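The opening position of the sequence shown corresponds to residue 34 in my numbering, with each subsequent residue numbered one higher.
There is no bait here: all hints are sound.
Calculated lysine-lysine pairs in the BS3-like style (CA-CA distance at most 27 Å, straight line):
| hint | residue 1 | residue 2 |
| --- | --- | --- |
| 1 | 362 | 274 |
| 2 | 255 | 491 |
| 3 | 255 | 274 |
| 4 | 388 | 362 |
These are computed hints drawn from the structure, not numbers from a lab. No experiment lies behind these values; they were computed from the predicted model shown.
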Amino acid sequence: MGPMGYLAWLLVVINGAGAAAITVTPPDSPPLRFAAAQIKRAAHSAGRAVPDVVLSIEPGEAQSYRIQRAGAQIRVIGGDAVGAMYGGLDVAEALQLGALEELKPGTHKPFIAQRGIKFNIPLDLRTPSYSDNSEAFQANIPEVWSREFWREFLDEMARHRFNVLTLWNLHPFPSIVKVPEYPDVALHDVLRAKPGTFNEKFSHTGIDMFRPEMLDGAEVVKRLSPDEKIAFWREVMQMAKDRGVDVYWFTWNTFLFGAEGKHGLSRATPDANLLRCFRANVRETVRTYPLLAGIGITAGENMGSQLGGLSKEQWLWQTYGEGIIDGLKNTPERQFRLIHRLHQTDLDEILREWKNYPGPFDLSYKYAVAHMYASTRPNFIDPLLRILPKTHRTWLTVRNDDIYSFRWGDPQFVRDFVRQMPGPTQCAGFYMGPDGYCWGREAMDVEPHCPRQLVMQKQWFSFMLWGRLSYDPSLPDSLFERTIAQRFPEAPAAPLLAAWSAASRIFPEITRFFWGDIDLKWLPEACLSHPRHKGFYPVRHFVEGETMPGSGNLNIRQWRHRLLTGQPM
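Use the sequences and the hints to build the structure in full.
Have a look at this one:
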């Protein structure tokens with residue numbers, strides 16, 4: 034046994050003299066060390082001694098683990114480091130809930146391999162995301178440049194068993210890379226708009242999410258050089274990797290925020306210079322961030338049909354495809370995933386233009402359009418599944434533009450939703466999140482915590498359900514009852530869970546009955562649409578409305594017709 038082998042048996046976490054210990058093999062594995070720290074934290078919180086736990090790895094299926102018990106000792110053997118971490122988190126949870134003695138031996142593996150968060154990220158006034166014209170996004174600009182924010186965020190992701198973080202921005206490159214051919218594009222500092230800048234009159238395409246006049250009175254919220262920004266994002270990606278989380282950047286196209294007018298660049302004239310700049314941006318993103326798992330792209334919302342004589346897919350291939358190839362020249366063994374959204378484009382053209390991509394290549398589909406809280410089996414994807422080649426898989430974009438503030442929680446809905454997702458031969462995984470609200474720190478409380486809670490903390494039960502049940506949909510309600518009992522000891526847990534679940538079923542029921550496919554048409558939490566659509570919905574609109582396709586529900590007019598004609602309902 035070498036030196037590292039001996040080190041593996043050192044006591045990594047000790048809770049007082051004579052206490053049991055947590056042993057980590059190998060001792061330098063960040064995911065295992067994270068799990069060990071969580072076990073110690075849970076023991077301290079529960080007022081118990083640290084138990085005798087051994088965390089180790091025997092190569093096997095990714096993210097899998099098995100738990101063994103021998104007397105007072107608990108052994109967690111992971112198929113990889115992430116699997117061992119998840120097993121250690123099981124131990125921490127059992128400690129926290131006072132159920133360590135009931136923790137059973139067994140084998141565990143993920144039901145859905147890739148379980149992600151969709152995070153529209155407001156990097157800077159000059160490099161906005163899709164919905165930065167809102168208080169929630171502006172409030173979170175300084176947060177996304179905070180190490181403590183990301184430490185909290187990624188800790189919560191790991192505890193809930195999420196393992197993919199997708200960061201969505203219209204044009205992030207000026208805020209995250211330096212490009213030698215375009216040295217003036219990299220942005221110094223981090224800016225935020227002055228209060229009162231934004232309203233409901235901005236374009237839904239995102240084309241005016243930044244306007245030059247916004248710089249008047251803009252607030253500098255962070256003083257950072259481009260090099261410091263790069264160092265920051267490298268550190269964030271390392272924190273993510275240490276918790277078993279893969280990071281992706283997603284872009285809409287073709288935006289030029291932060292670079293417009295520099296080095297002859299103009300979105301109005303999509304010439305060869307613009308193409309070269311995008312290709313170089315992508316190249317430098319790949320080179321600069323060795324831990325970046327991949328890039329996701331959109332053939333919209335601002336591509337149009339005039340791209341220097343190229344089709345959308347030809348242009349995307351020559352910028353993103355060729356840019357990734359350029360970035361991988363010195364590391365050809367690196368696996369760098371490209372996720373191509375099916376939004377505003379054609380499958381056949383995607384497959385034709387991207388046939389020479391050298392790494393993992395997936396598609397992405399809006400699984401429930403904008404409403405994950407509607408049907409547990411939305412049927413919009415069915416035509417795609419019938420024609421999807423066996424050589425390709427799709428990710429599911431699971432959009433939550435239903436609920437921004439309500440503390441949703443219905444375990445059975447989540448189980449049914451997850452179990453009815455397409456199987457692993459067609460589905461690579463999913464990422465869930467909103468377009469109209471920022472999943473950073475909450476921005477609604479009038480008596481907030483300091484600092485404000487993460488949305489993931491404030492809506493902890495919802496995130497727990499989606500993360501844990503997508504890893505293992507067989508988890509019983511008794512786990513959630515115990516968790517609720519620990520959170521709310523003054524209330525009986527079983528009736529509270531039943532009431533919570535029943536209240537949460539209202540949102541899916543009403544959205545199946547009154548359907549507005551995109552978020553601009555239907556926000557059930559407020560019973561309204563965008564002011565430029567219909568605004569607040571009175572009873573008349575419900576009478577005139579349609580039901581969700583495939584839901585089997587009757588609208589009011591159909592119900593009335595059957596009633597008057599004596600037809601069965």
